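**Student:** Read top to bottom, the protein sequences are chains A and B.
Residue numbers for the first sequence follow the working numbering, beginning at 1 and rising by one.
Residue numbers for the second sequence follow the working numbering, beginning at 1 and rising by one.
Read the hints as simulated data drawn from the structure, not as lab findings.
Treat the numbers as computed from the prediction; the structure is a model and nothing was measured.
Incorrect hints may have been included.
To be verified - Below, a list of computed lysine to aspartate or glutamate pairs in the EDC-like style, where the Cα atoms sit at most 20 Å apart: (1) A:Lys153 to A:Glu197; (2) B:Lys332 to A:Asp108; (3) B:Lys195 to A:Glu227; (4) A:Lys114 to B:Asp10; (5) B:Lys197 to A:Asp108; (6) A:Lys153 to B:Asp10; (7) B:Lys332 to A:Glu128; (8) B:Lys197 to A:Glu4; (9) B:Lys197 to A:Glu130; (10) A:Lys114 to B:Asp210; (11) B:Lys333 to A:Asp108.
As the list claims (entries may be wrong) - Derived CB-CB ranges, DEER-like: (12) A:Ala131 to B:Leu4: 26 to 36 Å; (13) A:Ser70 to B:Val106: 27 to 37 Å; (14) B:Phe181 to A:Gln110: 41 to 51 Å.
To be verified - Short derived list, chain A residues pointing at chain B, Cβ under 10 Å: (15) Ala80; (16) Leu92; (17) Cys104; (18) Ala149.
All C-beta atoms, glycine included, are put in the ideal place defined by N, C-alpha and C.
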Amino acid sequence: MMLEVKNLVKEFGGLVANGDISFALRQGEILGLIGPNGAGKSTLFNCIAGYYKPTGGEILFEGKDITGWSPHQVTREGIARTFQGIKIMPNLTVEENVMIGAFCRTGDRQVAQKEARGILDLMGLTGEAEAFPTGLPIAAQKRIELARAIATKPRLLMLDEMAAGLNPLETKEIIQILQKIKEEKKLTLFLTEHVMEFIMTVSERVIVMAAGKKITEGPPVEVARQEKVIEAYLGERYAKGR
Amino acid sequence: MVRLRQLLIDIFSFRDRPRFERIGFLIFILIVLIFPWMVTSAYGRAVMIKFLLFALFGLGWNLIGGYGGQVDLGQAKNVGFGAYATALMIVWWKVPFWITVIPGIVIAAAESFVVAYPMFRLKGHYFAIATLCVALVWKELFIFWDWTGGARGVELPIRSGVDFVYMQFNSPIYYHYFILFLFLMQFFFVNWFRKSKLGYEVQAVRDNEDAAASLGINVYRTKVINYTIAGGLGALGGSFMAVYYLYIDPDAVMPLDLSILIAMTVMVGGAGSIWGPIIGAAILIPLDMYLGAWLGAQKRLGIDFMIYAMIMMVIAAKEPKGIWGIIERVRKKRTR
Numbered sequence: 001m002m003l004e005v006k007n008l009v010k011e012f013g014g015l016v017a018n019g020d021i022s023f024a025l026r027q028g029e030i031l032g033l034i035g036p037n038g039a040g041k042s043t044l045f046n047c048i049a050g051y052y053k054p055t056g057g058e059i060l061f062e063g064k065d066i067t068g069w070s071p072h073q074v075t076r077e078g079i080a081r082t083f084q085g086i087k088i089m090p091n092l093t094v095e096e097n098v099m100i101g102a103f104c105r106t107g108d109r110q111v112a113q114k115e116a117r118g119i120l121d122l123m124g125l126t127g128e129a130e131a132f133p134t135g136l137p138i139a140a141q142k143r144i145e146l147a148r149a150i151a152t153k154p155r156l157l158m159l160d161e162m163a164a165g166l167n168p169l170e171t172k173e174i175i176q177i178l179q180k181i182k183e184e185k186k187l188t189l190f191l192t193e194h195v196m197e198f199i200m201t202v203s204e205r206v207i208v209m210a211a212g213k214k215i216t217e218g219p220p221v222e223v224a225r226q227e228k229v230i231e232a233y234l235g236e237r238y239a240k241g242r
Numbered sequence: 001m002v003r004l005r006q007l008l009i010d011i012f013s014f015r016d017r018p019r020f021e022r023i024g025f026l027i028f029i030l031i032v033l034i035f036p037w038m039v040t041s042a043y044g045r046a047v048m049i050k051f052l053l054f055a056l057f058g059l060g061w062n063l064i065g066g067y068g069g070q071v072d073l074g075q076a077k078n079v080g081f082g083a084y085a086t087a088l089m090i091v092w093w094k095v096p097f098w099i100t101v102i103p104g105i106v107i108a109a110a111e112s113f114v115v116a117y118p119m120f121r122l123k124g125h126y127f128a129i130a131t132l133c134v135a136l137v138w139k140e141l142f143i144f145w146d147w148t149g150g151a152r153g154v155e156l157p158i159r160s161g162v163d164f165v166y167m168q169f170n171s172p173i174y175y176h177y178f179i180l181f182l183f184l185m186q187f188f189f190v191n192w193f194r195k196s197k198l199g200y201e202v203q204a205v206r207d208n209e210d211a212a213a214s215l216g217i218n219v220y221r222t223k224v225i226n227y228t229i230a231g232g233l234g235a236l237g238g239s240f241m242a243v244y245y246l247y248i249d250p251d252a253v254m255p256l257d258l259s260i261l262i263a264m265t266v267m268v269g270g271a272g273s274i275w276g277p278i279i280g281a282a283i284l285i286p287l288d289m290y291l292g293a294w295l296g297a298q299k300r301l302g303i304d305f306m307i308y309a310m311i312m313m314v315i316a317a318k319e320p321k322g323i324w325g326i327i328e329r330v331r332k333k334r335t336r
């Protein structure tokens, strides 16, 4: 197993953001995580990536217990992530942003620069290498975040709302890029998403969360038909009245 | 061999910078090299030496305050450590100057390392206030202690003629090239630093701590190491002050004014740019020394402070990247 989450609990004061979540992620799989606003998707992400310390439960990465590790330790172990709101280094060029990622595995600037250029090429960002990221459109900034995460040479890549703020064409482009790098870098992908079309076309399996609990999991087509999923998204009355 | 070659290139090369910057730097070097032969007045030469000294201080501060983005208002304590290490070792044991430099740097770096751990629990303004307090505590301790000479300070034994062992000279020309040498050493160190892995990590942490952590950077440790190095660099200028002024006391080498002036030099010039400290010192130091002297002679004491403060406020409010920020913006507009 690539990633195993066992009975994960995260509480903020009295609020249970994640209550007893368990799931597993196989090598090479694309797993989607969906759920309405406030379901606890980002909390779960942040617990795995080390940004929150779980209140209870276990997180195993390739059999190793990484529960409560710091974000940088998690990254060095082989899990990279992108952020929901874009978190980019505004005073560094696009290439330097990606180089910072590459520095995770090397101390040599030449090596880091070469790797950064290779990844930028893969992302179709070569033309923007010398530019500063804040001047670029959202779609390009998302790609920079993705490039940067890949530069850390992860085996598991976690994408938090990759398609948020993108138009349908840009979404399609990022899906193509994702599929390309997944093959090339032999990645396992774990993604949360609001945009249903994105997650339903990309994922092989999805987990549905609502109000801090996992309510179901399975192939996207099956899950979308389940009553409790529709209920979670559209409310009980809509589901009953159909 | 390949590694050594690469290291030398990283130290001395500015190939990654635009051409006009490299030409500007060459012109600057030429001017400072011939300066003592062009300007013969003692006051003019003293202003130049003070300019180079503060450019040197600024370079060190730029690591933590510019590249690191952590506003440190206590650099004077490190200047003090350097100055006292040199002065006391010369007075007590007659140690040659160049050997006293090393313990000065080591003491300043070690102290910085120790205090950095609790201080980096704080962020932003709170961190700035903490650095200021630590520096003030050290100053009071140096006044209070007897072994440091207390408030009376330390007087260095005067040597006659030109003495390269204790770096005491009877002509400011020697001091000019002496401080120029120290300045260039630090300058090339910073040139290497900004291109090193640590240099990039430090800037990543400044720009976005969450993103930096997600890329495998230990944010806390990076800040501590950066603060330690910046502390060590501060001591070098302190050692120079001891042999240049030949008399030091806590009010001269570790006052609050000095900490603030060092920070201001870089902020006015352009924090996070290798040219920033030089530009800032080139403006603030002559302004301070000429305007202050001229207004003082007119019995208009205090007006220079007002002008000074005005420049700071305008820069802080209108151009947080300092004068270098303005230059870069103008250039970008022209190329567009």
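**Student:** Compare the structure with each hint and give your call.
**Tutor:** To see whether the hints hold, each was checked on the structure:
With a C-alpha separation of about 28 Å, the suggested pairing of Lys153 of chain A with Glu197 of chain A is violated against the 20 Å cut-off. Of the supplied pair hints, the one linking Lys332 of chain B and Asp108 of chain A is violated, its CA atoms being roughly 30 Å apart against a limit of 20 Å. For the proposed pair Lys195 of chain B and Glu227 of chain A, the alpha carbon gap of about 57 Å is over 20 Å, so the pair is violated. Annotation: proposed proximity of Lys114 of chain A to Asp10 of chain B holds, straight-line Cα distance about 17 Å (limit 20 Å).
Taken as a hint, the Lys197 of chain B and Asp108 of chain A pair is honoured in the structure, with Cα atoms around 7 Å apart against an allowance of 20 Å. Distance restraint check for Lys153 of chain A and Asp10 of chain B: the Cα-Cα separation of roughly 26 Å exceeds the 20 Å cut-off, and the hinted pair is therefore not satisfied. Restraint check: the Cα-Cα separation between Lys332 of chain B and Glu128 of chain A comes to about 16 Å, which is no more than 20 Å; the hinted pair holds. Under the criterion of a C-alpha separation no larger than 20 Å, the hint pairing Lys197 of chain B with Glu4 of chain A is inconsistent with the structure, at around 33 Å.
For the suggested pair Lys197 of chain B and Glu130 of chain A, the alpha carbons sit about 19 Å apart, so the restraint of at most 20 Å is met. With a C-alpha separation of about 25 Å, the suggested pair Lys114 of chain A and Asp210 of chain B falls outside the 20 Å cut-off, and the hint is violated. Among the hinted pairs, Lys333 of chain B with Asp108 of chain A is inconsistent with the structure: their alpha-carbon atoms are about 34 Å apart, more than 20 Å. At about 34 Å, the beta-carbon gap between Ala131 of chain A and Leu4 of chain B stays in the expected band of 26 to 36 Å.
Restraint check, Ser70 of chain A to Val106 of chain B: a C-beta distance of roughly 30 Å satisfies the suggested window 27 to 37 Å. The supplied range of 41 to 51 Å is broken by Phe181 of chain B and Gln110 of chain A, whose beta-carbon atoms lie about 30 Å from each other. Contact between Ala80 of chain A and chain B, as hinted, is supported at the beta carbon level, the nearest pair being about 7 Å apart and thus within 10 Å. Interface hint at Leu92 of chain A: satisfied, since its Cβ lies 6 Å from the closest Cβ of chain B, which is below the 10 Å cut-off.
Here the hint on Cys104 of chain A is kept, as its CB sits about 4 Å from the closest CB of chain B, short of 10 Å. Look at Ala149 of chain A: its Cβ gets to within about 7 Å of chain B, closer than 10 Å, so that hint holds up.
The structure shown violates the earlier hints numbered 1, 2, 3, 6, 8, 10, 11, 14.
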